[in-house]
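These protein sequence lines are chains C and R, in that order.
Per full-length UniProt numbering, the first sequence starts with residue 1, numbered consecutively.
Per full-length UniProt numbering, the second sequence starts with residue 1, numbered consecutively.
One should not assume that every hint holds.
Said to hold, decoys possible - Restraint-style ranges between C-beta atoms, simulated for each label pair:
{"#": "1", "chain 1": "C", "residue 1": "G29", "chain 2": "R", "residue 2": "F4", "range": "51 to 57 Å"}
{"#": "2", "chain 1": "R", "residue 1": "C232", "chain 2": "C", "residue 2": "P163", "range": "29 to 35 Å"}
{"#": "3", "chain 1": "C", "residue 1": "T25", "chain 2": "R", "residue 2": "S2", "range": "28 to 34 Å"}
{"#": "4", "chain 1": "C", "residue 1": "P163", "chain 2": "R", "residue 2": "F4", "range": "27 to 33 Å"}
{"#": "5", "chain 1": "C", "residue 1": "R179", "chain 2": "R", "residue 2": "L297", "range": "49 to 55 Å"}
{"#": "6", "chain 1": "R", "residue 1": "R366", "chain 2": "C", "residue 2": "G64", "range": "49 to 55 Å"}
{"#": "7", "chain 1": "R", "residue 1": "D372", "chain 2": "C", "residue 2": "D191", "range": "53 to 59 Å"}
Said to hold, decoys possible - Facing chain C, a subset of chain R residues (Cβ under 8 Å, in silico):
{"#": "8", "residue": "A11"}
{"#": "9", "residue": "A214"}
{"#": "10", "residue": "P216"}
{"#": "11", "residue": "A217"}
{"#": "12", "residue": "Q317"}
{"#": "13", "residue": "L319"}
{"#": "14", "residue": "L362"}
{"#": "15", "residue": "S365"}
{"#": "16", "residue": "R366"}
{"#": "17", "residue": "D372"}
Said to hold, decoys possible - Cross-link-like lysine to any residue pairs, in silico, SDA-like; alpha carbons within 20 Å at most:
{"#": "18", "chain 1": "R", "residue 1": "K142", "chain 2": "R", "residue 2": "L74"}
{"#": "19", "chain 1": "C", "residue 1": "K84", "chain 2": "R", "residue 2": "P160"}
{"#": "20", "chain 1": "C", "residue 1": "K136", "chain 2": "R", "residue 2": "L364"}
{"#": "21", "chain 1": "C", "residue 1": "K148", "chain 2": "R", "residue 2": "R206"}
{"#": "22", "chain 1": "C", "residue 1": "K136", "chain 2": "C", "residue 2": "G105"}
{"#": "23", "chain 1": "C", "residue 1": "K148", "chain 2": "R", "residue 2": "M215"}
{"#": "24", "chain 1": "C", "residue 1": "K136", "chain 2": "R", "residue 2": "E203"}
{"#": "25", "chain 1": "C", "residue 1": "K28", "chain 2": "R", "residue 2": "E205"}
{"#": "26", "chain 1": "C", "residue 1": "K28", "chain 2": "C", "residue 2": "W170"}
{"#": "27", "chain 1": "C", "residue 1": "K84", "chain 2": "R", "residue 2": "R112"}
{"#": "28", "chain 1": "C", "residue 1": "K136", "chain 2": "R", "residue 2": "F265"}
{"#": "29", "chain 1": "C", "residue 1": "K148", "chain 2": "C", "residue 2": "D117"}
{"#": "30", "chain 1": "C", "residue 1": "K148", "chain 2": "R", "residue 2": "R7"}
{"#": "31", "chain 1": "C", "residue 1": "K28", "chain 2": "C", "residue 2": "K17"}
{"#": "32", "chain 1": "C", "residue 1": "K84", "chain 2": "R", "residue 2": "R7"}
{"#": "33", "chain 1": "C", "residue 1": "K84", "chain 2": "R", "residue 2": "S2"}
{"#": "34", "chain 1": "R", "residue 1": "K142", "chain 2": "R", "residue 2": "P160"}
{"#": "35", "chain 1": "C", "residue 1": "K136", "chain 2": "R", "residue 2": "A28"}
{"#": "36", "chain 1": "C", "residue 1": "K17", "chain 2": "C", "residue 2": "R237"}
{"#": "37", "chain 1": "C", "residue 1": "K17", "chain 2": "R", "residue 2": "L371"}
{"#": "38", "chain 1": "C", "residue 1": "K84", "chain 2": "R", "residue 2": "L371"}
{"#": "39", "chain 1": "C", "residue 1": "K17", "chain 2": "R", "residue 2": "L74"}
{"#": "40", "chain 1": "C", "residue 1": "K84", "chain 2": "R", "residue 2": "K142"}
FYI, nobody ran anything at the bench for these hints, they're computed from the structure.
Glycine residues also receive a C-beta, built at the ideal position from the N, C-alpha and C atoms.
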Amino acid sequence: MNVIEVQGLTKSFGTRKVVDDVSLTVEKGEIAGFLGPNGSGKTTCIRMMCGLLTPDAGHGRVLGHDILREQRQIKLQVGYMTQKFSFYEDLSIRENLNFVAGLYGLPPDAVRDTLEDLGLTSRRDQLAGSLSGGWKQRLALAACIMHKPQLLMLDEPTAGVDPKARREFWDEIHELSARGLTVLVSTHYMDEAERCHRINYIAYGRLVAHGTVGQVIRDAGLATYTVETDRPGLVARQLAGAPGVDQVAPFGTTLHVTGTDPAALEAALREAGVAWQPSETSLEDVFIRLMEQSQDNMT
Amino acid sequence: MSWFSLRRLRALLSKEIIQMRRDRVTFAMMLGVPLMQLLLFGYAINNYPKHLPAALVAPTQDRFTRAMVSALELTGYYDFTHTTASAAEADSLIARGEVAFVVTIPSDFGQRVERGDNPQILIEADATDPSVASGAISTLGKVAEGALSREIGRDAIPAPVNIVVHRRYNPEGITQYNIIPGLMGVILQMILVMMTSMALTRESERGTMENLLAMPATPLEIMLGKIIPYMCVGAVQVAVVLLVARGLFGVPFVGSFGLLAGGIFAFVLSMVILGYLISTMARTQMQAMQLAFFFFLPSLMLSGFMFPFRGMPGWAQMLGECFPLTHFLRLIRGVMLKGANHADVAQPIAALAVFVLIFGALALSRFRQTLD
Ligand SMILES: Nc1ncnc2c1ncn2[C@@H]1O[C@H](COP(=O)(O)OP(=O)(O)O)[C@@H](O)[C@H]1O
Ligand SMILES: [Mg+2]
């Protein structure tokens, strides 16, 4: 049985359709990435799946429970980490954990163990509001796995966190997943997508790609070439609009040039008279392409 | 998962209490504001109303009695809403606050006027609100003489009418006696409704609502977790106000303490639940505040705190019945100043209980378990 299985989720705020016909499947034990630019509807989707928003249309099951009728059971077995830190800033670390433990009916040593695991035992009386971004994020994660949920939904857990803390955070997620936890994590960092078993890409409320990273890149059918030049700005301008060229992205003195038709692309590069060589298409190239495509579809 | 668990409630309660304690400014305000208002209004307020309901006890209906009654009505101070022959019934009317005066014209009044033998009228005034009594009583002597001389004829000079005035419950006519217990209701209403009306909006505005809703707390538990701490605050405020009322203003306390405690409990409960109800309707703290004020003003004006309740026009009285404060004022004035018994306060207590049930049911049904 799949841990998440939802079909046709749709949600509008006012007249704006924010999530449009999104279907999602997440298997047990996997780390599913939920990607998309800001405002694409990731948070709204996650809220619908954990019973915090009622979908306008669509249905499905999370951990075998109907998302429309069995929100209570879902809440008991899901750990949801909100995008914005939403524990009590005027409560200390320990008081926050006590509160969570009380609501889930956990024994008192659950809090003690969690504090120890976090390495926060000595700072337990510090107010949560005074913690740095990285520590807030660790506290939030610890608080939402305290009741031993079977599914974790993490909404942009690493936004505004430094790279080292980000690395540690992902190590921890992999550890949790190795213990059998299923994780759905939303992000808009490309490098984090590569750390997921499978990814789902959502743009303007629509799910436009899903699968492993390799599958998503292959399905996009893009060809990418790199151009070495000492005048990247000039060459980029020259290439940008040429037939066959979809994207030109400078990386230092290297340009990534992407297009759907390799022959046309090569012709354009020859025309520009620059030295080029074939290269791997990156996930980022694919996502930018997908985003532009769905923007075109919208208008 | 059950709809109520004591453990979850305890978790919610301890969280609320910690937050309340940490919010120093608000906490100080909750204790400081009542004291300040009590002193300010306690010394400041005074008023002089007209057209108050009165009961007439007149066993005989001779022409002198009728002349007396119509003369009294002409003064504009008395509206005879009840006529009875039984002194006991009149007594209970004034104890319940349904009339502000009982005018007794004895059966031998007419005979004595004709004999020129010191006729007597007894006026009992509910002086818990001293302003009610003062104007109505001060002009009486002249009114009576005028009425009788017209009735007897031009030449005869009637014997002076002996008017016996009993200021009941507050013989010296001290305004504070009436103001202070009422002020307690007003202060409790203001602080409690205002504080609890922020209960949920604060969570929404700080973004903690999403987390709270994602965890397994039921609407009932959340409501109780929010209102119980404020009931304790209310209890402290009550103690402060009562002590000041006694110590500083010397307000008498003649009734049963148990009744008073029960009445205050019912009122405080209705106020915190009302505040919570407002908080389920408002989206922001600003809106909550506006809704609370929208409620305060009519409640203050129509409850009988600002103006004697029975002195207001009928429609205003009907509106006034819709405010818990109205019933609380009757109750607390009755118990503190008149020594009202169980039967006398049964009605206000029942009314407060109805408010609690209605507000509670509305709040639970309004509570949004999702972020929609
Ligand atoms: N409660 C709401 N009311 C109105 N609009 C909303 C609400 N929540 C989200 N939106 C809008 O829906 C869009 C998608 O939001 P969101 O799901 O938060 O996207 P993401 O998490 O991918 O950044 C945004 O444009 C946002 O402004
Ligand atoms: Mg988001």
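So, going through the hints one by one against the coordinates:
1. Distance hint check for C/G29 and R/F4: the Cβ-Cβ separation is about 35 Å, which falls outside the suggested range of 51 to 57 Å.
2. Here the CB-CB span from R/C232 to C/P163 is close to 48 Å, at odds with the stated 29 to 35 Å.
3. Between C/T25 and R/S2 the beta carbons are some 32 Å apart, a value that agrees with the proposed interval 28 to 34 Å.
4. A hinted range of 27 to 33 Å is violated for the C-beta pair C/P163 and R/F4, which are about 46 Å apart.
5. For C/R179 and R/L297, the hinted distance range of 49 to 55 Å is not satisfied, since their beta carbons lie about 60 Å from each other.
6. The given range of 49 to 55 Å is broken by R/R366 and C/G64, whose C-beta atoms sit roughly 31 Å from each other.
7. Here the CB-CB span from R/D372 to C/D191 is close to 34 Å, at odds with the stated 53 to 59 Å.
8. Checking R/A11 against chain C: minimum C-beta separation of about 2 Å stays under 8 Å; hint holds.
9. At a threshold of 8 Å, the smallest CB-CB gap from R/A214 to chain C is about 5 Å, leaving the interface hint in force.
10. Taking 8 Å as the C-beta cut-off, the interface hint given for R/P216 holds, the closest approach to chain C being about 5 Å.
11. Restraint check, R/A217 versus chain C: the minimum CB separation of about 5 Å is within 8 Å; hint holds.
12. Because the beta carbon of R/Q317 sits about 44 Å from the nearest beta carbon in chain C, more than 8 Å, this interface hint is broken.
13. Restraint check, R/L319 versus chain C: the minimum CB separation of about 37 Å is more than 8 Å; hint violated.
14. Checking R/L362 against chain C by beta carbon gives a least distance of about 21 Å; that is not within 8 Å, so the hint is violated.
15. A cut of 8 Å between beta carbons decides the hint on R/S365: the least distance to chain C is about 16 Å, and the hint is violated.
16. At about 16 Å, the closest approach between the beta carbon of R/R366 and any beta carbon in chain C exceeds 8 Å, and the interface hint on this residue is violated.
17. Against a cut-off of 8 Å between C-beta atoms, the interface hint on R/D372 holds, since the closest Cβ of chain C lies about 6 Å away.
18. Under the criterion of a C-alpha separation no larger than 20 Å, the hint pairing R/K142 with R/L74 is consistent with the structure, at around 13 Å.
19. Distance restraint check for C/K84 and R/P160: the Cα-Cα separation of roughly 84 Å exceeds the 20 Å cut-off, and the hinted pair is therefore not satisfied.
20. Restraint check for C/K136 and R/L364: the C-alpha separation of about 33 Å exceeds 20 Å, so the hint is violated.
21. For the suggested pair C/K148 and R/R206, the alpha carbons sit about 26 Å apart, so the restraint of at most 20 Å is broken.
22. Among the hinted pairs, C/K136 with C/G105 is inconsistent with the structure: their alpha-carbon atoms are about 23 Å apart, more than 20 Å.
23. Restraint check for C/K148 and R/M215: satisfied, since their Cα atoms lie roughly 13 Å apart, inside the 20 Å limit.
24. With a C-alpha separation of about 18 Å, the suggested pairing of C/K136 with R/E203 holds against the 20 Å cut-off.
25. Distance restraint check for C/K28 and R/E205: the Cα-Cα separation of roughly 35 Å exceeds the 20 Å cut-off, and the hinted pair is therefore not satisfied.
26. Between C/K28 and C/W170 the alpha-carbon distance is near 18 Å, which keeps this suggested pair within the 20 Å criterion.
27. The suggested pairing of C/K84 with R/R112 is violated, with an alpha-carbon distance near 88 Å, which exceeds 20 Å.
28. A threshold of 20 Å between alpha carbons decides the hint, and for C/K136 with R/F265 the separation of about 41 Å lies outside it, so the pair is violated.
29. Only pairs whose Cα atoms come within 20 Å are accepted, and C/K148 paired with C/D117 is accepted, the gap being roughly 14 Å.
30. Using a Cα cut-off of 20 Å, the hinted pair C/K148 and R/R7 holds, with the two alpha carbons roughly 18 Å apart.
31. Annotation: proposed proximity of C/K28 to C/K17 is violated, straight-line Cα distance about 30 Å (limit 20 Å).
32. This hinted pair does not check out: C/K84 and R/R7 have alpha carbons roughly 27 Å apart, beyond 20 Å.
33. Straight-line distance between C-alpha atoms of C/K84 and R/S2 comes to about 29 Å, which puts the hinted pair past the 20 Å bound.
34. Straight-line distance between C-alpha atoms of R/K142 and R/P160 comes to about 10 Å, which keeps the hinted pair within the 20 Å bound.
35. About 30 Å separates the Cα atoms of C/K136 and R/A28, which puts this hinted pair outside 20 Å; it is violated.
36. For the given pair, C/K17 sits about 36 Å from C/R237 by alpha-carbon distance, which is inconsistent with the 20 Å threshold.
37. With a C-alpha separation of about 17 Å, the suggested pair C/K17 and R/L371 falls inside the 20 Å cut-off, and the hint holds.
38. A distance of roughly 15 Å separates the Cα atoms of C/K84 and R/L371; the hinted pair therefore holds under the 20 Å criterion.
39. Our distance criterion of 20 Å between C-alpha atoms is broken by C/K17 and R/L74, whose separation comes to about 71 Å.
40. Between C/K84 and R/K142 the CA atoms are separated by roughly 78 Å; this puts the pair beyond 20 Å, and the hint is violated.
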